[in-house]
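Under the numbering used here, the first residue of the sequence shown carries the number 5, and numbering increases by one thereafter.
Read the hints as simulated data drawn from the structure, not as lab findings.
Beta carbons: idealized from backbone N, C-alpha and C, even for Gly.
Wrong hints could be hidden among the right ones.
Unchecked claim - So the derived label-pair ranges between C-beta atoms look like this:
(1) 72 x 96: 36 to 46 Å
(2) 10 x 100: 37 to 47 Å
(3) 62 x 99: 11 to 21 Å
(4) 61 x 102: 37 to 47 Å
(5) 43 x 82: 54 to 64 Å
(6) 62 x 24: 39 to 49 Å
(7) 48 x 102: 41 to 51 Å
(8) 62 x 38: 17 to 27 Å
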Amino acid sequence: MLEGRTFVLYTDHKPLAYAFMQKSDKCSPRQLRHLDFISQFTTDIRHVTGGENIPADTLSRTAAIACPTPINYQDMAEAQSSDRDLQSYLANPSPALQLKRLAMPNSSVELFL
């Protein structure tokens, strides 16, 4: 998707932003290989401080995101039993969509999934 397109790589890793400006004799062979690979896509690498790099900052905190309320399987089961479209489908199933009744974890409730 990047081939043939001009783009800028933003990073919070400051040494990478200046890697193409340093002399190659200061790099290890492994670093040279990595820089060669990166340069096949772009050499326009710009430094962004960690707090200003919103996408990276957000993705690094995914473990902190929690489900605010527990899932109420009983309410879901009641909603499925009163859903006209679901009941119509269950009466006349299609091979394109196969639903199975599965027991939910830590619960005696079964839902169609």
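Whether the CB-CB distance between residue 43 and residue 82 falls inside 54 to 64 Å: holds, 59 Å
CB-CB spacing for residue 99 and residue 62 relative to the 11 to 21 Å hint: Since residue 62 and residue 99 have Cβ atoms about 41 Å apart, the given range 11 to 21 Å is violated.
Supplied distance hint 17 to 27 Å, evaluated on CB atoms of residue 62 and residue 38: holds, 26 Å
C-beta pair residue 48, residue 102: status relative to the range 41 to 51 Å that was hinted: holds, 49 Å
Hint check for residue 24 and residue 62 - Cβ pair distance inside 39 to 49 Å: violated, 28 Å
CB-CB spacing for residue 100 and residue 10 relative to the 37 to 47 Å hint: Holds, at about 43 Å.
Pairwise beta carbon distance, residue 72 to residue 96, judged against the given window 36 to 46 Å: holds, 38 Å
Range hint compliance [Cβ, residue 61 to residue 102, 37 to 47 Å]: holds, 41 Å
Hint compliance for this structure: hints 3 and 6 are broken, all remaining hints hold.
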